[in-house]
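> Construct all of the structure, not just a fragment, from the sequences and the given hints.
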Amino acid sequence: LQFENGDFTKPIPAADYELAEVSFHLEAARQNVQNRLLKLEATEARLLKALHSAQEAAVNKAQVLAAMSREVRTPMNAIVSTAELLLTSTLDDTQQHYATLVRASATSLLISLQNLLDYSRLEAQQMEFRYVRFSIIEVIEDAFLQDAKRAIDKGLNPVVFVHPNVPAETKSDPLRLRQILQIILDNAIRFTRIGDITLFVKANLERGMIRYEIRDTGPGFPPSKADDLFQPFTRLENHYEDRKERNGLGLAIARLVCVQMGGTIGASSAEGGSCFWFELPIVEAESTWPEENPTLKALKVLLIEPHHFANEMMSTLLTSWGADVHTALRPDEGTELLENNQYTLVILDQSILNMRDMLAQARQSGARIFWLLPFDSHRHRLHMRQHGVSACIRKPIRRADLLARVEAVVALMPKS
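Each residue of the sequence shown is one higher than the one before, counting from 9 in the numbering used here.
Source of the hints: derived by calculation from the structure; they are not laboratory data. Fair warning: there could be bad hints in the mix.
What the hints assert, rightly or not - Think about it this way: if two alpha-carbon atoms lie no more than 30 Å apart in a straight line, the pair counts; the simulated DSS-like pairs of lysine-lysine are:
1. 308 with 210
2. 162 with 233
3. 210 with 233
4. 162 with 210
5. 179 with 210
6. 210 with 305
7. 47 with 57
8. 157 with 210
And the structure:
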């Protein structure tokens, strides 16, 4: 009865001689169990003490790093500002070069300090998260467009697509979402020499999660190393990487931020590129974006875009708004469609071959013409007017910009 109640402290009373041997063994077992319990309690106490010490040390480390970071960031910010002022003054080529190096090095050091501070706070679970209601698409597009110019400068094709089923608003920490996106996008751009950088976002409403996928056409990585990429100070050798300052904390920070926000993160790689993904919960979501705009039902669109993902993205958006969309990846496909159909709007990517002939054919059909290009310039605006182009849309495309341009075309159409 004592054993059944978990009481191993009271000795077993003596019994008749027939049971003496059994009583002896039971008493030995009782003492053995009691000794083990005492050892376990002592071990547990030591472990709890060690845990508390480790937690206290982690907090102290975070506080020390925060204090050191503030002490170092102040003069480093001054160095960056001074270098920027120097670059606006009259300098010869050598001085310009030195000032640029100073600014780049100081900025790089500031990023390293911030990464160390963030990682230390996350490791100690001292990172503060501010959950507010915000527009998901605005944060996603802003984060993507911030890195898009660097991708375009490298000759890459950046494309962002937020699926129409993603809620218009949700409650989360927009600053930390942007941080995860920019860490992964930075890696994708650094490791990719040629091809595409795509950000694809879609909601899984049944699971209550939003999935973010950043795909690149870089060299990839061994599948066995996928988990290692998210460990601190891990770097894989890559001959194509931009050789700038890196401390190996970026993806480790992204993992900790994602997990502490209730999400998951991972990566996969195959021939032709990599895919880094993460999922975050949908909290207090507002309705999704309108799937159909009645005013666009009369719009018949021909989209000629040679980049497959960008073609699919724009086609999906235009169709979800109610437009009748035909797509072409090659100029000859576009020419055939133009010959056999009457379109309200023709959207052309500036990189397609035989652009001049395509513009002339589209103009003769009476359609409005949109021109997709990675940047706007005075030369492009002159070219646009010469060839009857109605508007230029900068890539990567913002959903709101595309919708506004398309609605403007509809507004100019004769009323039926």
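> What's the verdict on residue 179 and residue 210, does the C-alpha distance respect the 30 Å limit or exceed it?
holds (16 Å)
> Next pair to validate is residue 162 with residue 210; report whether the Cα-Cα distance is within 30 Å.
Given that 30 Å is the threshold and the Cα spacing comes to 27 Å, the pair holds.
> Does residue 210 lie within 30 Å of residue 157 when you go C-alpha to C-alpha?
Holds, at about 24 Å.
> With the threshold set at 30 Å, check whether the alpha-carbon distance from residue 162 to residue 233 stays at or below it.
Satisfied, since the Cα-Cα distance of roughly 27 Å is no more than 30 Å.
> Does the alpha-carbon distance linking residue 210 and residue 233 stay inside the 30 Å limit?
holds (26 Å)
> Taken at face value, is the distance from the CA of residue 57 to the CA of residue 47 at most 30 Å?
holds (15 Å)
> For residue 210 and residue 305, compute the direct alpha-carbon distance and say whether it is at most 30 Å.
The given pair, whose Cα atoms are some 25 Å apart, holds under the 30 Å limit.
> Holds or violated: are the alpha carbons of residue 308 and residue 210 at most 30 Å from each other?
holds (26 Å)
Violation of the numbered hints given earlier is absent; every hint is satisfied by the structure.
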